[in-house]
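Engineer: Next come the chains, spelled out residue by residue.
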Amino acid sequence: MNAEDIRLLIDVLAERVIAASDELTALDQAIGDGDHGINMKRGFEAVRAEGPAMAASDLPAALHKLGMTLVMKVGGASGPLYGTLFMALGKAMPADPDRAAVASALSSAIAAVKARGKSDIGQKTLLDVLEPVQRALAAGSDAQGLRATAREAAEGTIPLKAMRGRASFLGERSIGHMDPGARSSEIMVGAILDALEQRT
Amino acid sequence: MTSSNVGIVIVSHSKDVARGAAEMVRQMVGPEVPLAHCGGDPGGGLGTSVESIMAAIAEAWSDRGVAVLVDLGGAETNSEMAIELLPAGQRERVVVCNAPIVEGAVMAATESSAGSSLAAVRSTAEELYAGSMVR
Amino acid sequence: MSAPTASRSVLMKHPVGLHARPSVKLTKLAKSFGCRIEMAQQAQGPWIDAKSIVKVMAMKAPRDTTLHFRAVGDGAADAVDALSELVRRNFDEDHADAPAP
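Protein chains in written order, with the working numbering: chain A, 1 to 200; chain B, 1 to 135; chain C, 1 to 101.
Just so you know, these hints were derived from the structure itself, not from any lab.
Just so you know, even glycine gets a beta-carbon here, dropped at the ideal spot from N, CA and C.
Treat the hints with care, since some could be wrong.
[As the list claims (entries may be wrong)] With a straight-line Cα cutoff of 20 Å, these simulated EDC-like cross-link-like pairs (lysine to aspartate or glutamate) come out:
1) C:Lys13 with C:Asp74
2) A:Lys114 with B:Glu103
3) C:Lys31 with B:Glu51
4) C:Lys31 with C:Asp74
5) A:Lys91 with B:Glu76
6) C:Lys60 with B:Glu127
7) C:Lys55 with B:Glu127
8) C:Lys28 with B:Glu103
9) C:Lys60 with B:Glu103
10) A:Lys65 with B:Glu51
[Said to hold, decoys possible] Beyond 10 Å from chain B on every Cβ pair, some chain A residues (computed):
11) Asp5
12) Met72
13) Gly75
14) Gly79
15) Ile110
Isolated chain A (complex conformation) (with noise of 0.2 Å):
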């Protein structure tokens, strides 16, 4: 992966979840302290000046530095598990990854998350959407087939009751509402997709 490519996927993820901010918003104000937009805006904001920078290393590096930027600047409870995730990501990516390497990578990502943040699927979490996203893309499914499955199991968290974080608190009245960190997964995916398929 060039640095054309490194940069363009910042850019366009970047975009992403700072224009989304506001839903992610909304979001985490129906099962949480709504501060989720806000934290990812702050952080991604941070991410894309460091666009350049990214953009000079390779890919492993240029990940990592996301997750490390991410976990000093979103705060929240976000920040240490997305941060983790990329920084996971980073370290078992190669710089040139074929799909079976990214899957392999993000299995560990996600194994990664599960222990910082101490949970698992099913508790109404990113991972919700995470982990499906993996075994889709393990199994061969194609960009149009990762999104739906992206989009299904972010819907998937609707009536979930939340186990973790401040949603927890809630119990039963969490249900009804999706995920906050579900969601931003979700833009994430996407994300990455279309500026995948944007590279020249």
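Could you slot chains B and C onto chain A? The hints should help.
Structural biologist: Then chains B and C, alone, in the frame of chain A:
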């Protein structure tokens, strides 16, 4: 010189709670314990920040180790993250205590002021939950 | 406790009793002695470790409680004397009648 006692770091979602808890510790335990506090997210609102936790650990650093007191989940996760980002040699000497933030800080600091080890400081703080149904 | 070699009792007149700050002072002083030290609110016990801040604070002994100290080991007599004196001096708090934590 305070560095011969275990350091205490207070991490709250609220800057005010962190500062207030630190004030209580100082008043009750005295100056012989390295002490630092932090609260608030990178934007200045309620939350926690890995950067400020790392700075607090540095401020309260002691070669005998540092005990961290936290309030809710995010503070614990961000503290664990901050510890992992410390250099090897330091990160093994910082622990997050499973204790209520204010009382735990007072108990931990009291234990530290007697020159106790990091393990003893931590277990004193953790006694607070040990007898109850909580956690 | 195996036969204590020293014991003393003292009436606590501190207006707010054995609250947080006095507890901190008491346990700090107790820890400065190597011997095992216990305290109780009644002569027959139950006895708690006087070096344990958590247990001492949990006592919440009010004013006009008689505190009993007993110790075994080196310096046991000095230990119970020092602790009793601390209580007798109202834990060296200047404004003993002011509200405190």
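Engineer: Does each hint hold? Answer for all of them.
Structural biologist: Checked hints:
1. C:Lys13 with C:Asp74: violated (29 Å)
2. A:Lys114 with B:Glu103: Distance of about 30 Å is beyond 20 Å: violated.
3. C:Lys31 with B:Glu51: violated (36 Å)
4. C:Lys31 with C:Asp74: Distance of about 13 Å is within 20 Å: holds.
5. A:Lys91 with B:Glu76: violated (24 Å)
6. C:Lys60 with B:Glu127: holds (17 Å)
7. C:Lys55 with B:Glu127: holds (9 Å)
8. C:Lys28 with B:Glu103: With a Cα-Cα distance of about 17 Å, the restraint between Lys28 (chain C) and Glu103 (chain B) holds, given a limit of 20 Å.
9. C:Lys60 with B:Glu103: Distance ~14 Å between Lys60 (chain C) and Glu103 (chain B) Cα, so the pair holds.
10. A:Lys65 with B:Glu51: Within the cut-off at roughly 15 Å; holds.
11. Asp5: Answer for Asp5 (chain A): holds, closest chain B Cβ roughly 28 Å.
12. Met72: At about 5 Å from chain B, Met72 (chain A) fails to clear the 10 Å cut-off, so the statement is violated.
13. Gly75: violated (3 Å)
14. Gly79: Incorrect as stated: the minimum Cβ-Cβ distance to chain B is 7 Å, not above 10 Å.
15. Ile110: holds (17 Å)
Hint check: violations occur at hints 1, 2, 3, 5, 12, 13 and 14; the rest are consistent with the structure.
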